[in-house]
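Novice: Just so you know, the protein sequences line up as chains A and B, in that order.
Heads up: the first sequence at position 517 corresponds to 517 in UniProt numbering, and the numbers run straight through without jumps.
Heads up: the second sequence at position 301 corresponds to 301 in UniProt numbering, and the numbers run straight through without jumps.
If you are wondering where the hints come from, they were derived from the structure by calculation, not from laboratory data.
As the structure is a prediction and not an experimental result, all values here were calculated from the model.
Where hints are given, some of them may not hold.
Derived BS3-like pairs (lysine-lysine); straight-line CA-CA distance at most 25 Å [claimed, not checked]:
id, chain 1, residue 1, chain 2, residue 2
1, A, K341, B, K341
2, B, K73, B, K61
3, B, K81, B, K53
4, A, K73, A, K53
5, A, K60, B, K61
6, B, K60, A, K60
7, B, K60, B, K81
8, A, K81, A, K60
9, B, K341, A, K226
10, B, K226, B, K243
11, B, K53, B, K73
12, A, K243, A, K81
13, A, K61, B, K60
14, B, K61, A, K61
15, A, K73, A, K61
16, A, K53, A, K81
Number of protein chains: 2
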Amino acid sequence: MSPQSLLLSRNDIEFLLYDWLDVEALTSRPRFADHSRETFDAVLDVCADLAEKLFAPHNKKNDTHEPVLVDGKVRLNPEVKVALDALAETGVLAATADAEAGGLQLPQVVQSACAAWFAAANIATWSYAMLTIANAGLLLEHGSPEQVDKFVRPMFEGRFHGTMCLSEPQAGSSLADITTRAEPQADGTYRIFGNKMWISAGEHDLGENIVHLVLAKIPGGPAGVKGISLFVVPKYLVEDDGKAGARNDVVLAGLNHKMGYRGTTNTVLNFGEGVHLPGGSPGAVGYLVGEPHRGLTYMFRMMNEARVGVGAGATALGYTGYLKSLDYARTRTQGRAPSAKDPESPQVPLAEHADVRRMLLAQKSFVEGALALILFCGKTIDEQRTATTAEERDRLTLLLDILTPIAKSWPAQWCLHANDLAIQIHGGYGYTREYDVEQHYRDNRLNPIHEGTHGIQGIDLLGRKTTIAGGAALRELESLIRSTLDKAAAAGGEAADLGHQLDVHLHRLIEVTRQVNTEPDAALRLANASLYLEATGHIVLAWIWLEQFLAAGTGEDHLRQGKRHTARYFYRYELPRTQPQLDLLATLDPTTVECDPAWL
Amino acid sequence: MSPQSLLLSRNDIEFLLYDWLDVEALTSRPRFADHSRETFDAVLDVCADLAEKLFAPHNKKNDTHEPVLVDGKVRLNPEVKVALDALAETGVLAATADAEAGGLQLPQVVQSACAAWFAAANIATWSYAMLTIANAGLLLEHGSPEQVDKFVRPMFEGRFHGTMCLSEPQAGSSLADITTRAEPQADGTYRIFGNKMWISAGEHDLGENIVHLVLAKIPGGPAGVKGISLFVVPKYLVEDDGKAGARNDVVLAGLNHKMGYRGTTNTVLNFGEGVHLPGGSPGAVGYLVGEPHRGLTYMFRMMNEARVGVGAGATALGYTGYLKSLDYARTRTQGRAPSAKDPESPQVPLAEHADVRRMLLAQKSFVEGALALILFCGKTIDEQRTATTAEERDRLTLLLDILTPIAKSWPAQWCLHANDLAIQIHGGYGYTREYDVEQHYRDNRLNPIHEGTHGIQGIDLLGRKTTIAGGAALRELESLIRSTLDKAAAAGGEAADLGHQLDVHLHRLIEVTRQVNTEPDAALRLANASLYLEATGHIVLAWIWLEQFLAAGTGEDHLRQGKRHTARYFYRYELPRTQPQLDLLATLDPTTVECDPAWL
């Protein structure tokens with residue numbers, strides 16, 4: 001790949017993977033023993049190349065020619081299938097899976113770097129693959145061997161595609177309120193009845209079959225989330241020879257038309273409406289995954305990875321927008337320095353203006369920071385999966401638990417903001433559909449919504465993650481950051497100074513968390529959970545930037561100078577934002593709780 | 001109008017106009033003596049009604065069916081002409097103009113309230129009218145009596161429409177660099193040659209003629225902005241009988257396709273390309289407005305009003321998005337209170353959740369605050385125009401000078417953010433084109449760009465407005481705010497407490513301004529002008545909210561309770577944002593200036 005790609009910076013990715021995270025060290029673990037930096041680089045090469053050649057070219061077409069409904073079928077642009085088939089050929093759909101299941105047994109962190117190329121090139125086409133990977137991963141972990149054979153292997157081969165059917169029209173954020181039901185049958189299968197909303201990739205012509213993973217309630221089970229079970233519901237029943245057979249009773253009820261992500265068809269699906277009646281009795285045929293009533297537990301395991309995946313997608317969109325606005329700012333001339341006296345002197349490139357540099361530094365701090373966080377989460381997943389002691393595994397699980405809402409929400413908020421700045425740098429041109437950045441902005445606007453809104457993530461972080469195991473997850477995070485503060489203190493100079501600033505903010509965060517968590521009234525305690533999420537996110541990212549500052553060392557090349565300078569930007573412009581947020585949290589401010597909705 | 005309109009709140013407008021601004025008092029001035037609250041209300045009734053009935057219904061169609069080029073002509077949706085013709089019938093195009101020029105001689109503040117209805121209903125269709133009003137206003141002030149007769153009267157009648165042709169492909173923010181030239185002719189007219197970019201309403205089929213106001217340079221004039229003159233260049237030359245005659249040499253070169261504002265056709269125009277040759281000699285026929293080389297001065301006079309108009313449009317989009325998300329939050333049920341134990345209890349309306357109320361209060365503080373600021377500017381324009389002493393006029397001119405970049409940028413930034421929150425409250429539904437809020441968000445994204453970007457406004461505020469007349473404009477603003485602080489102190493209690501907080505921030509702002517302005521290096525002095533603009537904006541809006549808090553008095557009705565509570569929100573959640581910004585400004589932070597573009 002050319003280092004001048006406008007999708008991602010390969011130099012940055014190599015800096016993060018090798019100089020910072022020392023991903024090569026993973027190859028000393030048995031699971032990754034067959035790998036080396038050479039195999040990692042080779043996979044990255046293949047993915048970057050495929051992303052540039054088969055994903056990026058139809059990104060705009062996906063936006064301008066969204067999927068259409070023709071005779072009850074959804075037609076996608078033909079380039080989507082070409083790209084996804086080529087992707088399946090590479091084996092990357094099973095990148096992290098066990099070799100015995102047909103996987104490459106690559107570290108998650110490498111897979112995350114690969115995914116970023118596809119998402120930056122064409123998030124809508126990539127989403128089909130991402131859903132299939134997530135679906136297959138869940139079935140590999142919780143499905144029966146028969147389910148793995150019947151559904152996972154064809155998904156890894158690219159013949160079948162996957163979906164996640166969670167939301168219903170009346171139950172989006174509140175999954176406890178789903179009403180889809182699963183009636184047990186004498187043969188051990190179930191019949192599914194209900195309506196699912198917001199189902200991405202719910203219907204298309206990409207392959208032989210669509211494997212829906214569906215949340216439903218078995219009648220007589222516990223109320224709320226404890227009564228939710230998980231089912232495989234294929235579009236076509238799978239014959240014993242593995243081929244797609246009779247049509248199951250899953251019916252496309254309509255398409256949702258979105259602001260962005262237009263190439264990813266988003267559907268309303270009806271199950272068991274009697275349109276296609278398999279085997280005479282009503283309902284869509286479903287197969288229970290794992291045990292009854294444990295569906296949400298299985299799904300959440302997957303959803304945590306999906307949440308980091310949302311953050312990764314947001315990061316990729318922010319990253320490519322940054323590179324495009326940087327390219328524009330270096331080539332487009334406009335205006336002069338404030339001190340220029342001669343109106344006939346030539347105009348200067350946009351990047352010469354301080355305010356444009358501020359917008360570039362801000363974007364760089366958001367997108368490179370977010371990518372570093374996503375890759376850090378990937379490596380932590382690898383270390384957790386290959387931990388040699390239960391203690392180590394539990395410790396890393398806690399760390400991932402507390403980082404997940406941040407890795408989802410922070411990129412979704414700030415890399416969207418990066419896209420906003422990318423438009424701003426382009427001026428009027430950025431507001432037109434002739435340039436790419438407006439599409440990135442529209443695409444990225446989804447990310448603060450799906451897989452749990454900001455509000456949901458805030459409540460998850462403050463209400464659950466800071467209190468689980470007696471606060472052990474927060475202590476893990478604190479100790480992680482403190483180990484960096486020790487390194488910074490030892491390094492002295494500017495690093496020590498940044499470390500000191502972070503220390504002050506970290507101390508304040510811990511203090512405020514303790515204070516807020518003593519409030520007995522849950523409504524008041526959680527009233528400002530979203531601000532807590534934002535403040536914690538910025539503090540975690542300040543840690544990420546201190547880590548990168550240290551990893552850059554005293555290198556005088558542009559990349560390392562840029563890393564150090566962007567860290568400076570983050571500490572001077574961004575980190576101080578947390579102060580008023582934490583001050584407000586500390587007062588347990590009742591403004592929203594006390595607001596009578598009639599006053600609005 | 002029904003008070004339940006989802007465009008704007010008539011109750012709020014009446015509170016602002018009559019309870020807060022005492023707009024009735026203007027009728028004691030000779031210019032407005034024929035008016036009364038009754039005539040103001042009647043005009044508001046007509047506009048609100050027209051906005052609901054003829055503007056709002058095709059807002060979505062303007063977005064989904066944007067203007068198309070057919071045989072070199074631009075075709076708009078037919079509803080646009082119907083709405084604009086009905087608007088012209090009301091006389092509102094000449095709302096603020098002198099009676100002798102065919103105007104209604106209404107106060108600007110009333111016209112601004114009327115404009116908000118149209119912008120909330122359909123910003124794209126309203127933009128045609130807004131451009132015509134601005135164009136006519138400029139010609140009324142600086143044009144010859146003949147130009148007024150030939151161009152302004154037909155525009156007020158709705159027969160002709162207006163444009164503003166400033167930008168060129170190589171000169172957007174930097175008007176000094178325009179290259180369009182105007183060759184003087186023996187008969188006193190000029191021939192215009194050049195290309196203009198981003199010309200809204202540059203070509204359409206709405207009326208008999210299009211009146212372009214064009215910035216161009218007369219050869220031999222001074223370099224830079226001092227050599228720019230202003231010309232009227234009609235699409236069709238106007239015959240002595242007032243009818244449109246021969247085609248002038250203005251050629252549509254193409255359409256720009258935008259993220260939003262799609263109903264407002266945006267064009268590239270070529271002047272003097274020889275496609276239409278009037279009278280044998282080359283060039284487009286243009287008529288000088290006022291004196292040579294004073295074009296930018298005339299244009300800036302208009303542009304200041306256009307900038308407040310951009311803020312007003314942003315406000316209206318934010319306002320209608322707020323009302324729609326409020327309506328949704330009151331009716332859509334999802335989830336339960338954090339303390340709810342029973343998963344089978346009914347779901348509660350979204351507005352019951354603290355985080356949703358936070359997003360509603362934030363929107364309310366942005367949109368009602370912005371509307372109050374826009375109306376305050378309107379009333380100040382009225383007082384300035386009808387000032388009885390030169391001293392009073394100069395004082396108010398200074399106040400308007402310093403408020404203009406804020407009235408442009410603050411609504412553009414925060415009412416766009418309001419639209420973002422409106423989407424977030426709608427969840428997945430808000431991201432679909434089936435609901436209105438995603439269009440508002442896309443439409444509103446233009447406002448931080450046109451009529452001078454945020455960066456330009458920041459440099460205008462810090463670099464020019466805080467220093468003009470030895471800092472007199474800033475002193476006017478300070479004294480305005482201090483008079484409110486006195487009222488708040490006298491009121492005591494909560495008002496005095498809010499006043500005290502504002503006092504602290506105001507003091508800090510003045511102190512930092514002084515400090516920054518002593519820096520001799522212009523690049524460093526202006527490096528963080530955008531942050532200065534944001535901080536000053538939030539402090540001005542805190543003043544607006546203290547004013548509204550005081551105007552609400554002790555009233556127990558929902559509107560006044562809401563005003564007081566939103567003021568609380570603003571002081572607790574928003575005003576503290578300025579602290580880290582001002583702290584950064586105080587250090588004359590060199591991060592952006594010192595950043596080598598090669599590090600990015």
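Novice: Does the structure break any of the earlier hints, and which numbers would those be?
Specialist: When the structure is compared with the hints, numbers 1, 4, 10 and 11 turn out to be violated.
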